[in-house]
Amino acid sequence: MACERLTQLTAGTAIPFGGDRVTRVSDALAAAFRAGDRLIVVQESGDLLHVPADTHAIAAAAVDRAVEAFAAMGQVSDDAITAFFDDFARRLEADAGWTPIAAANAEDVASAKARGRSTTRLVATETMRADMISGLREWRDAAPSRGRIVERIDHAGWGVEQVTAPLGVVGFVFEGRPNVFADAAGVLRGGNTVVFRIGSDALGTAKAMVTHALTPALAAAGLPPGACVLVESAEHAAGWALFSDPRLGLTVARGSGRAVAQLGAVARQAGTPVSLHGTGGAWLVADVGADAARFGAAVAASLDRKACNTLNVCLIVRDRAEALVPLFLQGLEAAGARRGHGCKLHVAEADLALIPAAWRETRVAVRRAEGDRDEPKVEPLADADLGREWEWEETPEAALKLVDDLGEAIALFNQHSPRFSASLISDDAAAQARFYAGIEAGFVGDGMTRWVDGQYAFNRPELGLSNWEHGRLLARGGVLSGDSVFTVRTRMRQDDPNLHR
Numbered sequence: 410m411a412c413e414r415l416t417q418l419t420a421g422t423a424i425p426f427g428g429d430r431v432t433r434v435s436d437a438l439a440a441a442f443r444a445g446d447r448l449i450v451v452q453e454s455g456d457l458l459h460v461p462a463d464t465h466a467i468a469a470a471a472v473d474r475a476v477e478a479f480a481a482m483g484q485v486s487d488d489a490i491t492a493f494f495d496d497f498a499r500r501l502e503a504d505a506g507w508t509p510i511a512a513a514n515a516e517d518v519a520s521a522k523a524r525g526r527s528t529t530r531l532v533a534t535e536t537m538r539a540d541m542i543s544g545l546r547e548w549r550d551a552a553p554s555r556g557r558i559v560e561r562i563d564h565a566g567w568g569v570e571q572v573t574a575p576l577g578v579v580g581f582v583f584e585g586r587p588n589v590f591a592d593a594a595g596v597l598r599g600g601n602t603v604v605f606r607i608g609s610d611a612l613g614t615a616k617a618m619v620t621h622a623l624t625p626a627l628a629a630a631g632l633p634p635g636a637c638v639l640v641e642s643a644e645h646a647a648g649w650a651l652f653s654d655p656r657l658g659l660t661v662a663r664g665s666g667r668a669v670a671q672l673g674a675v676a677r678q679a680g681t682p683v684s685l686h687g688t689g690g691a692w693l694v695a696d697v698g699a700d701a702a703r704f705g706a707a708v709a710a711s712l713d714r715k716a717c718n719t720l721n722v723c724l725i726v727r728d729r730a731e732a733l734v735p736l737f738l739q740g741l742e743a744a745g746a747r748r749g750h751g752c753k754l755h756v757a758e759a760d761l762a763l764i765p766a767a768w769r770e771t772r773v774a775v776r777r778a779e780g781d782r783d784e785p786k787v788e789p790l791a792d793a794d795l796g797r798e799w800e801w802e803e804t805p806e807a808a809l810k811l812v813d814d815l816g817e818a819i820a821l822f823n824q825h826s827p828r829f830s831a832s833l834i835s836d837d838a839a840a841q842a843r844f845y846a847g848i849e850a851g852f853v854g855d856g857m858t859r860w861v862d863g864q865y866a867f868n869r870p871e872l873g874l875s876n877w878e879h880g881r882l883l884a885r886g887g888v889l890s891g892d893s894v895f896t897v898r899t900r901m902r903q904d905d906p907n908l909h910r
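Position 352 of the sequence shown, counting from 1, maps to 761 under this note's numbering, and the rest follow consecutively.
Wrong hints could be hidden among the right ones.
Distance ranges between label pairs, derived from CB positions [unchecked claim]: (1) A743 - R557: 25 to 31 angstroms; (2) E502 - T422: 54 to 60 angstroms; (3) D794 - G680: 30 to 36 angstroms; (4) E788 - E502: 19 to 25 angstroms; (5) R782 - A628: 31 to 37 angstroms; (6) G427 - E641: 32 to 38 angstroms.
Bear in mind the hints are in silico, worked out from the structure with no lab data behind them.
The C-beta atom is built at its ideal place from N, Cα and C for all residues, glycine as well.
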């Protein structure tokens, strides 16, 4: 049967998805679609994603370069890869390389502020610069991961080896964070290549980093120029085009929950393995056996800044409410005082009466991405909304709910959270064991929540932290790092030339 090309769309046309559901072409989509464009029908949601022809061409060309580079990486020595990381780090460290990057970043930040966009992770601070340099040098000093023998099974006259090998081309879509290059470049340590699309807020910074540090470092080390490729497009459609390319060996998405979920759906239906790092927010549970001082310290240490591992929901067993709720409120208020913009509390509707009137009757100037907003300091929260991640800027924001017992806390987490990170404060070893066995989280602790970080916990720059929102992970941990991107080949060694079955 001959295939026809889609050349136009008609408003109102029914498009089937998910096997038994229908969505329809909107007027806007029909008007925008042109011959040569592509339509991605997301089978999970029915979203109709329009990829203009020129945007698809940009993404496809980037993958072309990375595929060509991957074919050449087999002839690139581990020493050359080491030299690349070293040179990349030195170029970021040198003022001649960093000055134009910082200038581009200042323009990106100013543009984002003017559009009411968040800039908390966009600013390329000296701390971020130092962390990138440190991360690149950790990859420089890391043991080569290609060709490592995982297992050998010996037979009479022959043997079989399981050997690590590069996975292929890795596609990344990141939010507007300039440090993605140091993170994503880690996949080169194992002989992979990478294509990344960064959020539009940081695209200028990314281009400057490619020009003044990344590309020169690849050339100096003798690596193929397509080993690290930036998709130079600010369009969301560039990410859809990239993730729908079946030539990728792995796709990785970091950013807001819905956008990441959509990208994951696009990759899965293209047949590409995907690692999603979207909705976060850690949960902290205080059991009847909680030490008050340990609980208070955990709250304070988990609210120092907004990241995916920041305390988002606190559950306190009702029998300990009188002692522990004041400590939670003190920790939240202290976190707000440190940042100078107050704090915000969401409380389960049934527990509002436990909050002091001084809190419930107060309004605060909450620092949002679009500016300060006058809001109540305390707002009621339905259980169905416990899974929401509070994306705060400078005003620490968290939710509180009382539970009858540890079992209810575990059930609420498993039902409402993104199944990411949970900590239990309890001196009862049996309670800790029950918590670990029952909680559906990839990251489980017994203290502060902010430990969940590849760099902090494992001394390796992370590519992302996975939740279990879409199910458990197959054969790897929740921390995706450059040296965890590999496949396994099987090699036979025959000693007996007369071997036969």
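Hints, one by one, checked against the model:
1. Separated by about 47 angstroms at the C-beta atoms, A743 and R557 break the suggested range of 25 to 31 angstroms.
2. Separation of E502 from T422 is about 56 angstroms and conforms to the stated range, judged on CB atoms against 54 to 60 angstroms.
3. The given range of 30 to 36 angstroms is respected by D794 and G680, whose C-beta atoms sit roughly 35 angstroms from each other.
4. At about 46 angstroms, the beta-carbon gap between E788 and E502 misses the expected band of 19 to 25 angstroms.
5. Distance hint for R782 and A628: a CB-CB separation of about 48 angstroms, inconsistent with the stated range 31 to 37 angstroms.
6. Distance hint check for G427 and E641: the Cβ-Cβ separation is about 34 angstroms, which falls inside the suggested range of 32 to 38 angstroms.
Against the hints set out earlier in the document, violations occur for numbers 1, 4 and 5.
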